[in-house]
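**Student:** Listed below are the residues making up each chain.
Protein chains: 2
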Amino acid sequence: MALDLAPLAQPAETRIVLVVMDGLGGYSDSQRGTELEEAATPNLDALAAEGAVGLVEPVGPGITPGSGPGHLGLFGYDPLEFELGRGVLSAAGLEVKLNAGDVAARGNLATLDSSGRITDRRAGRLPDPEASEVVARLSTEVKIDGVEVEFVHEAQHRVLVVLRGEGLDPGVADTDPQVTLAEPRVPVALHASAERTADVVSQLDEQVRTILADHPRANVLLLRGFDSHRALPSMQERYGLSPAAVAIYPMYRGIARLVGMDVLPRPADLDAQLAALKEHWDRFDYFFLHHKGTDSTGEDGDRPGKVAAVEALDAAIPSLRDLDPDVIVVTGDHSTPTQMAAHSWHPVPALIWAERVGRDEATRFGERWCRGGGLGLRPTKDLMPIALACAGRLAKYGA
Amino acid sequence: MALDLAPLAQPAETRIVLVVMDGLGGYSDSQRGTELEEAATPNLDALAAEGAVGLVEPVGPGITPGSGPGHLGLFGYDPLEFELGRGVLSAAGLEVKLNAGDVAARGNLATLDSSGRITDRRAGRLPDPEASEVVARLSTEVKIDGVEVEFVHEAQHRVLVVLRGEGLDPGVADTDPQVTLAEPRVPVALHASAERTADVVSQLDEQVRTILADHPRANVLLLRGFDSHRALPSMQERYGLSPAAVAIYPMYRGIARLVGMDVLPRPADLDAQLAALKEHWDRFDYFFLHHKGTDSTGEDGDRPGKVAAVEALDAAIPSLRDLDPDVIVVTGDHSTPTQMAAHSWHPVPALIWAERVGRDEATRFGERWCRGGGLGLRPTKDLMPIALACAGRLAKYGA
Chain Y
1 MALDLAPLAQ
11 PAETRIVLVV
21 MDGLGGYSDS
31 QRGTELEEAA
41 TPNLDALAAE
51 GAVGLVEPVG
61 PGITPGSGPG
71 HLGLFGYDPL
81 EFELGRGVLS
91 AAGLEVKLNA
101 GDVAARGNLA
111 TLDSSGRITD
121 RRAGRLPDPE
131 ASEVVARLST
141 EVKIDGVEVE
151 FVHEAQHRVL
161 VVLRGEGLDP
171 GVADTDPQVT
181 LAEPRVPVAL
191 HASAERTADV
201 VSQLDEQVRT
211 ILADHPRANV
221 LLLRGFDSHR
231 ALPSMQERYG
241 LSPAAVAIYP
251 MYRGIARLVG
261 MDVLPRPADL
271 DAQLAALKEH
281 WDRFDYFFLH
291 HKGTDSTGED
301 GDRPGKVAAV
311 EALDAAIPSL
321 RDLDPDVIVV
331 TGDHSTPTQM
341 AAHSWHPVPA
351 LIWAERVGRD
361 EATRFGERWC
371 RGGGLGLRPT
381 KDLMPIALAC
391 AGRLAKYGA
Chain A
1 MALDLAPLAQ
11 PAETRIVLVV
21 MDGLGGYSDS
31 QRGTELEEAA
41 TPNLDALAAE
51 GAVGLVEPVG
61 PGITPGSGPG
71 HLGLFGYDPL
81 EFELGRGVLS
91 AAGLEVKLNA
101 GDVAARGNLA
111 TLDSSGRITD
121 RRAGRLPDPE
131 ASEVVARLST
141 EVKIDGVEVE
151 FVHEAQHRVL
161 VVLRGEGLDP
171 GVADTDPQVT
181 LAEPRVPVAL
191 HASAERTADV
201 VSQLDEQVRT
211 ILADHPRANV
221 LLLRGFDSHR
231 ALPSMQERYG
241 LSPAAVAIYP
251 MYRGIARLVG
261 MDVLPRPADL
271 DAQLAALKEH
281 WDRFDYFFLH
291 HKGTDSTGED
301 GDRPGKVAAV
311 EALDAAIPSL
321 RDLDPDVIVV
331 TGDHSTPTQM
341 AAHSWHPVPA
351 LIWAERVGRD
361 EATRFGERWC
371 RGGGLGLRPT
381 KDLMPIALAC
391 AGRLAKYGA
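Those protein sequences? They're chains Y and A, same order as listed. Heads up: the first sequence at position 60 corresponds to 60 in my numbering, and the numbers run straight through without jumps. Heads up: the second sequence at position 46 corresponds to 46 in my numbering, and the numbers run straight through without jumps.
The shape of chain Y in the complex, shown without the other chains (with noise of 0.2 Å):
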């Protein structure tokens, strides 16, 4: 049983910030330690030193997380029982807004081959000039009986799709595969209630490759993560906080939105992030600071980019501390170690830095130290009721 934490919640005179480096964890193996174990980090060793670390799983042992899940992790949310489809992260991160009973999906523009299989999954990242004339044309030919369908662009070969109508259901099967040299999947309804949406997405399938028939590259629309908008409660109202959000990337600016962040306006880099944190410091008393280079390089394997990325935030680190805050988490949503080029179930490592917070022996961040240090090994999202009390914001449960 969870503990709600509203009426425990108490106003105080303190900020918090949570830096999340994006698929920060690794692990260590017969050759090396981890990236972060490697990175020269004297600013988040300074953080360790002076305040707890540990290690902490997103979702649950073995659990590989999405962003969604890791993000509502951070923010103290329950990713089992705050579940957020790919289509819905997708609206949020374009800011397109959906209402009760839309039905949204991610699409990726592929390519399959005269014998109808996937050749590629992502149309060669089509260029974004291209990608978006291609939508365009979707979006004026596409045309389906008592459902209104809307394209929206996002980069590359990413496709949002929302449907949008009478007695829509979000309970559709992906039709893409994910892997090449498949067919696409025939769209299925997971229950009888969405036999309608299921012939909806046949009916637009068919349509989309008609009118793509002639497209060198992109001649379907591969869908998945079919979801309708679920309202979550807001940290406002959870904690009592007035959060922002200074992060760069679409998704998780739609994520920390629909747990009612105020998301400033796009910053362009990191710099860019510390100098928007400073503009709006006395306005919010929750930062949510995301930094996206440890992920990106992670999933492409580059394991001295992913050490350089963790070294570009520690030098952030300085200019953060500089605006006083009283408490500091840094942590990831998951792990995206190098070896495997991808996201995994690997605990990610955590610190929080405060007066309060309770100092273990550690003095340096990274997996090795988080392993015995103060905060144990948790769920990700028992990070939030820590912060939270080491921020004063938290009263006594029980007499």
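Keep in mind that the hints are not guaranteed to be accurate.
No copy labels: a pair is met if it fits in one copy or bridges any two.
Capping the alpha-carbon separation at 30 Å, the derived lysine-lysine pairs in DSBU-like fashion look like this [as the list claims (entries may be wrong)]:
id, residue 1, residue 2
1, Lys143, Lys396
2, Lys97, Lys396
3, Lys396, Lys292
4, Lys143, Lys292
5, Lys143, Lys97
6, Lys278, Lys143
No lab work stands behind these hints: they were computed from the structure. Please read all numbers here as calculations on a predicted model, not as lab measurements.
Starting from the known structure of chain Y, arrange chain A on it as the hints suggest.
**Tutor:** Using the frame of chain Y, we list chain A on its own:
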């Protein structure tokens, strides 16, 4: 909230071996360390050095597990969600099929003195030939209106009792008080719907006492663990695995069967277990190897014996590694410290060896090295998803 792994299960060409050293764990006291710490285990130490170690709790902190819940946890089934009565475990071990509505209990042939008090709960561990004669008499002579009663001899004083008929209910309290110099308990219905069954058990008890009145040692049958068959989801359904059990003792074979394992022909000893593993290696992707010696010596309070049983298993590790498994898990179903000569609640040492498990700093296998290891201190059931993840058998959760 527990996560259902089935939707995440993905096929892989990998093999997992779970080595269960029954009753493995122990505890340090003012005299010395644990049995496992004392044992010379170069091969287990190598697995620990190349893998990750930790401590696991089968049921919960302070809870001493029976073999049923202990093993369910090892197979990734929450023992609090999936309960197995002793009767059902015995039936499974004896390959006695229980149909829906049948009620099974474990019986002990025991000795009552002339005042009706139990002087020996095991009737002097009645030798098998004598015990099976007693059981044959009961099978022939006990007659209860409207209920078919089946007695099956297990070994020594142990007997399975199965009641078959309309309207039976397993909600009957044990008649076995589990102490000597007490009288057997009167069968009591735990709820109204079990009143008829309690009455059947009373009649059974009365007839058994009459039939065995002249037996010098076995003159009563103490019953415990009334239960009905409950279908457990199979490991195939839950994880997409094709599992096989290589176990010698009936109960462990029975539990394995209950979770859908293919139970390989009964091997005579550890060498035969290894040979069976090798013979069937290509047919399965998950193997459960059960090693009993650590528990039986533990229960006897035989410290040198337990140390030797650990070392015997250690010597088998090279043959196991020769098969080239992808993941090896070594742990126990519970602790059996020789100081207590009984099952206990102490956390059980665990190791996972796999290319991607994430090495920690431990270079030996044993309680003191497992503390602070990379696996942390966890519920036993969490080992399964980690093993599946290391075997590449779990897809990402959420977008």
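**Student:** Would you mind marking each hint as holding or not holding in the structure?
**Tutor:** For each hint, the structure was consulted:
no. : hint            : verdict
1   : Lys143 - Lys396 : neither (58 Å within a copy, 34 Å between copies)
2   : Lys97 - Lys396  : between (39 Å within a copy, 27 Å between copies)
3   : Lys396 - Lys292 : between (37 Å within a copy, 19 Å between copies)
4   : Lys143 - Lys292 : neither (38 Å within a copy, 68 Å between copies)
5   : Lys143 - Lys97  : within (21 Å within a copy, 59 Å between copies)
6   : Lys278 - Lys143 : neither (48 Å within a copy, 60 Å between copies)
Checked against the numbered hints given earlier, the structure breaks hints 1, 4 and 6 and satisfies all the rest.
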